[in-house]
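Input sequences plus hints: build the corresponding full structure.
Number of protein chains: 2
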Amino acid sequence: MTQTNTDMKVNPDLAMERAKCNFNVLEVTHIFDGGENNTLMRKKIEDVALNSGAWKDTLGDEHMSPKEKYENAVRKSCLYASMMKNELAELSGLESFGVSSPVIRRTADAFFKEVSPFLLHLGMFVPTIMGQCTPEQQSHWLPRALDMQIIGTYAQTELGHGTFIRGLETTATYDPETEEFVLHSPTLSSYKWWAGGLGNTVNYCIVVAQLYTKGECHGTHPFIVQIRDEDNHMPLPGIKVGEIGPKMGFNTADNGFLGFNKHRIPREHMLMKNAQVLKDGTYVKVARHGKLTYGTMVFVRVVLVNEVAFNLAKACTIAVRYSAIRRQSRPKPDEAEPQVLDYATQQHKLFIAIATAHALQLCSTWLWESFSAVLAQMKGGNTDTLPEFHALSSCLKAISTSDSAHLIEQCRHACGGHGYMISSGIPHLYNFVSATRTYEGDYTVLLLQTARFLVKAYEQAEAKQPLTPTVAYLAYAFSGSKTTWDSSPDGIIRSFQALSAGKVASCVANMRTRMRAGLSQVDAWEMSTIQLVAAAEAHCRAVISDTYRKEIVRLTANSSPNVKVVMDQLTTLYLYYWALERTGDLLMYTSVSQKDLADLQIAYEALLSKIRPNAVGLVDAFDLRDELLHSALGSYDGRVYERLMEEALKSPMNKEPVNDAYSKYLRPMMKGKL
Amino acid sequence: MTQTNTDMKVNPDLAMERAKCNFNVLEVTHIFDGGENNTLMRKKIEDVALNSGAWKDTLGDEHMSPKEKYENAVRKSCLYASMMKNELAELSGLESFGVSSPVIRRTADAFFKEVSPFLLHLGMFVPTIMGQCTPEQQSHWLPRALDMQIIGTYAQTELGHGTFIRGLETTATYDPETEEFVLHSPTLSSYKWWAGGLGNTVNYCIVVAQLYTKGECHGTHPFIVQIRDEDNHMPLPGIKVGEIGPKMGFNTADNGFLGFNKHRIPREHMLMKNAQVLKDGTYVKVARHGKLTYGTMVFVRVVLVNEVAFNLAKACTIAVRYSAIRRQSRPKPDEAEPQVLDYATQQHKLFIAIATAHALQLCSTWLWESFSAVLAQMKGGNTDTLPEFHALSSCLKAISTSDSAHLIEQCRHACGGHGYMISSGIPHLYNFVSATRTYEGDYTVLLLQTARFLVKAYEQAEAKQPLTPTVAYLAYAFSGSKTTWDSSPDGIIRSFQALSAGKVASCVANMRTRMRAGLSQVDAWEMSTIQLVAAAEAHCRAVISDTYRKEIVRLTANSSPNVKVVMDQLTTLYLYYWALERTGDLLMYTSVSQKDLADLQIAYEALLSKIRPNAVGLVDAFDLRDELLHSALGSYDGRVYERLMEEALKSPMNKEPVNDAYSKYLRPMMKGKL
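Top to bottom, those sequences are chains E and C. Each residue of the first sequence is one higher than the last, beginning at 134 in our numbering. Each residue of the second sequence is one higher than the last, beginning at 134 in our numbering.
There's no promise every hint is true.
So, partial list: chain E residues that the calculated Cβ filter (under 10 Å) puts toward chain C [as the list claims (entries may be wrong)]: (1) W188; (2) D190; (3) T191; (4) G193; (5) H196; (6) Q282; (7) A538.
No farther apart than 20 Å at their CA atoms in a straight line, the calculated lysine to aspartate or glutamate pairs in the EDC-like style are these [claimed, not checked]: (8) K797/C / E201/E; (9) K783/C / E201/E; (10) K806/C / D362/E; (11) K804/C / D280/E; (12) K465/C / E302/E; (13) K804/C / D364/E; (14) K465/E / D475/E; (15) K788/C / E220/E; (16) K788/E / E201/C; (17) K806/C / D280/E; (18) K797/C / D190/E; (19) K615/E / D729/C; (20) K806/E / E220/C; (21) K743/C / D656/E; (22) K804/E / D280/C; (23) K804/C / D190/E; (24) K373/E / E789/C; (25) K806/C / E220/E; (26) K797/E / D280/C; (27) K806/E / E595/C.
Worth flagging that the hints you see were computed from the coordinates, not collected in a lab. Just so we're clear, the structure is a prediction, and the values are computed from it rather than from any experiment. Note that the Cβ used here is the ideal one computed from N, Cα and C, for glycine as well.
This is how it looks when you write it as structure tokens:
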């Protein structure tokens, strides 16, 4: 471990845990980094980004007002941007990671407990210019954007309109007289709302608006709009822009609102790669390959899955290390208070979180690699598997964000009261991940998209048509008998597939019954959505289980024996855990018996005990530097109580022995003079 | 509704919902207030507490730093305390509510989005003086405390010690020479930590410490300790006191730490009702009735259950009203975008939250009334049912706080992105309720206490001994056959009891197997704790279901027909919802079939549609004034988008067109001069 050095005084309980870990921690680190070379490169990047200490605050931003937090985040964003341009860019081999590489982005977590106000500049503004501009447009905008001479964001969502993009109200009406578009916000609900950085930071913005030309609406299109003066940053005339106010998290991101009062922009500011308006106002649709749109969407979701897995890994690290240090109760009067990590209920809360962090990280990589391979093959024009990848990325995004948020809270609960403190480092993880459940596609909406794909696939299976790989198992629904239960890992995965198939079949049956009773297809679908969401969740769980297991088997093929054992234990734990969470479905859709489930429960409890001695080693293998954890409870040295007190003493409320509120309010009241 | 007035412009969708509500909203309000008179009194209290506008901030505290928030909260606490002493105290009939009445405390929610720094003064300091002081001690301390000449808190938890009170390290050693106790914090982990108000506000504190006299330890006892000078509020010598730093919520409560360096207090400052140390150092245990301790504990938990139900009701009100206003997607191209409340998935998220708020409020009242009745009867000395009430209050506290936190998040998710904004009013509800899951007894620890009682009761049932009422159903475990499924409400409640009995039986069987295999009783218990927690949860669910149903039947006996119908629908919904969440257990422990469960799912979906037209009426019946909701999404008039924008414009970040961070950081970077 990089963080071990001879001077460091480590909590003796934590040192003992590390001594008894029976596998090679570094080997596991390499597995999840994608190989030893990647680990080395990651460490090099972290050294460059973190060792200077530029990320440090003199006063922690948890003590600041939202406005102060924002200003401090701008300060650090500029430092970070400069580092990206200079020190980090000079690292050899950097290009293999790319600018948006999660590995680099992760170092930003040392600088920002929440996020940088530049997040959408690199995350959406630049990629949209790359993806939706003509080459001429790109050559105009891209160099200035990459050099941060201009800073931009992406404004699509409106105050009254989110998921349903066709419902957006902002208009861009072409005026052939002046060869300009007139941007307008006809109502309050049409104000753009939420775009990160929009409030005070950016001077440019991609705006998605309904395009009108020659009296006809052609649907939503993107436009690049200057909103603030490049010299003094004042909002331009016809533009109303500001910040939307405090949120649960993302408070350093100055999410903003934006309204237009007949604001004019040049015709060339429409992003014209996929559609154009000619000088005379003629609308021309350019043939567009669906691949591109899918590509960006799948990529954004892959990054999100990766990011929530990373944040879940942080929560695990904090909660497991602290649980090895915290001692509580004395079930045996003649023994010391046990480490809380020794309690089965604690292991039950924490080990599934470790396994899930592994599972989601591997699924994210697997999805991206499979998708890239398919894209490469697809040059011939075969786009058959695109809907499958869209459906997969939808449900993976929904389930990974939801599972991670839930498990981060579970890690916090496992830390007792201290988990509630900001200095534990967990609350801001929850606030961040909890938001990812909603943005870039709401949980329920995404699962219903996957469900639509599953129902189509089911109908194909029914018609004996071939199925794409991840839904091939839907054939189980037509086997005529319940799938045979078998508690081996492969047996459990098969059962998860069987119950997903059973749930899809049940949804289809219900919808057909409702349609026979006279309901329209739309209404029958709507009335079945609760079950359709559950079916999509079951499908996703089956895919995650299968992928996690297969990837671990593949990636540990050459591992040392003990690494193989502990990785096998965790995949098995994931399967047992979810089987025990889905006993009703298993009883309905497989041959499992009450006795089988009772045995599985006992086997699950035994597995927890087996994983227990390696628990600290497992979270050490995430190799998360203290700078990224921001946690008094989770730091590598385990000086938990010392750090909690050190953090408390930093509070401005402890700078004076008596707060001003005493003489102003308390004293008059206590002396009866109020 | 009080909030309707002719000048108020109400969102037309919300007005339409109110017009179509088919039951008498006020009748339902009366049911949950406990009768019409209580409603009238509540409204009178709210008028007095809220109409003056004293609760208003010129700048919302979400825009402040934690220190500013605290100072503002002290200001308002003093205003509120003065109002309690004057205007509110003068209200006739007030005494029937009592000082700690939830009805009065709720009005404080208009003043504090989080809590008052005086919370533990009235909530713990005063009650401890009342409960644990001798009459002489009371006459010394109580008048000054009630008049707020001194302000106190209650410090038990230490940095390294929470639930396990015997593990506390702070010592109080009696010195007969000077007739004083010497308070000392021997280690960092022995520092008191968490007490609300301790950081900067209070000048007195109840301290729980290990009592040593004549060289012997007599366990933990409470002492009253002055910690700050009464004239200048400076910490006294030998006292180290401060604030513990920012938390997820409760940031206005200045939770504090406290350490002693051989700090001396007079012998009389030990609270001597239950035990005394005589002048010569002799320790005398005063005979103590268990009733008292149980009484306080049950009371605190009853108040907590009531409080989380109240906060859940707020979240429901916000999410249901907003869902009636928000429109999204267009499943039928020729129709307008539907209200999101029309979607089954949305109803699935929200209606269970309404039913749960009802269930928990009724359970809290029922528990308190039954317990009070038992206490009154108990003067003869019969304390048989005390363990039952302790077990009940433990699991009810655990399940109500956990369910409420989960459902508040579900309400937030139902509000999409806007639920993430502080101005939605939901995030601070979650932060508050989420803490209640841990304090006053952690979720897992409390459920294991209930489980211990259940296992004992099971063994009594096995030995054919009589059982107390709430566990009488454990006899099912010995019936020899599965309980017959029946989808009537009573049938489902019976099934919930059967599955709880089945789970307890299974735990006992596993523990016995483990003990036969050579494990000690302690180890066999520990290895079964995951299942024991699940059994206690099942027991609690059965009790809540049974109580909710019976109380509604009783309380609506004289209601108008439509009120009866809608209340019956909600209790039924609660039962269907939880049956569908526990299909595995039902299949194992009752005769339910796969077909029965499929039918139940369809019946559940139909029930959602039946409740839908009355949804806004149901949340209106909570009768929560806008001042208590603090929500742009949930206000009575439904001016959602106008209010979101109004709140945004209040942000200090919108006060200047260009933030200072531009000239300081952004401009130099963008102009390449960084």
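Verification of the hints:
Hint on W188/E is violated. Least Cβ distance to chain C is approximately 15 Å, over the 10 Å limit. For D190/E, the interface hint is violated, the least distance from its beta-carbon to any beta-carbon of chain C being 14 Å, above 10 Å. Given hint, T191/E at the interface with chain C, is violated; its Cβ is 15 Å from that chain's nearest Cβ, farther than 10 Å. The interface hint given for G193/E holds, since its Cβ lies 8 Å from the closest Cβ of chain C, which is under the 10 Å cut-off.
With a cut of 10 Å, the hint placing H196/E at the interface with chain C holds, because the nearest CB-to-CB distance is about 6 Å. The restraint placing Q282/E at the interface with chain C holds, with a minimum CB-CB distance near 6 Å, inside the 10 Å limit. Because the beta carbon of A538/E sits about 9 Å from the nearest beta carbon in chain C, less than 10 Å, this interface hint is met. Among the hinted pairs, K797/C with E201/E is consistent with the structure: their alpha-carbon atoms are about 13 Å apart, no more than 20 Å.
Straight-line distance between C-alpha atoms of K783/C and E201/E comes to about 16 Å, which keeps the hinted pair within the 20 Å bound. For the suggested pair K806/C and D362/E, the alpha carbons sit about 18 Å apart, so the restraint of at most 20 Å is met. The straight-line distance between the Cα atoms of K804/C and D280/E is roughly 10 Å, inside the 20 Å bound, and the hint therefore holds. Restraint check: the Cα-Cα separation between K465/C and E302/E comes to about 19 Å, which is no more than 20 Å; the hinted pair holds.
As the CA atoms of K804/C and D364/E are separated by approximately 9 Å, the hinted pair is consistent with the 20 Å bound. Between the alpha carbons of K465/E and D475/E the distance comes to roughly 13 Å, so the proposed pair stays at or under 20 Å and holds. Under the criterion of a C-alpha separation no larger than 20 Å, the hint pairing K788/C with E220/E is inconsistent with the structure, at around 37 Å. In summary, the hint linking K788/E to E201/C is supported, as the alpha carbons are separated by about 14 Å, within the 20 Å threshold.
Restraint check for K806/C and D280/E: satisfied, since their Cα atoms lie roughly 12 Å apart, inside the 20 Å limit. Of the pairs offered as hints, the one joining K797/C and D190/E holds, with about 17 Å between alpha carbons and a cut-off of 20 Å not exceeded. Annotation: proposed proximity of K615/E to D729/C holds, straight-line Cα distance about 18 Å (limit 20 Å). A hinted pair counts as satisfied when its Cα atoms are at most 20 Å apart, and K806/E with E220/C qualifies at roughly 17 Å.
Taking the CA atoms of K743/C and D656/E, the gap is about 16 Å. The hint holds against a cut of 20 Å. Straight-line distance between C-alpha atoms of K804/E and D280/C comes to about 10 Å, which keeps the hinted pair within the 20 Å bound. Taking the CA atoms of K804/C and D190/E, the gap is about 25 Å. The hint is violated against a cut of 20 Å. Restraint check: the Cα-Cα separation between K373/E and E789/C comes to about 13 Å, which is no more than 20 Å; the hinted pair holds.
Proximity of K806/C to E220/E is assessed by CA-CA distance (about 17 Å); at most 20 Å being required, the pair is judged to hold. With a C-alpha separation of about 19 Å, the suggested pair K797/E and D280/C falls inside the 20 Å cut-off, and the hint holds. For the hint linking K806/E to E595/C, the alpha-carbon distance of about 66 Å lies beyond 20 Å, and the restraint is violated.
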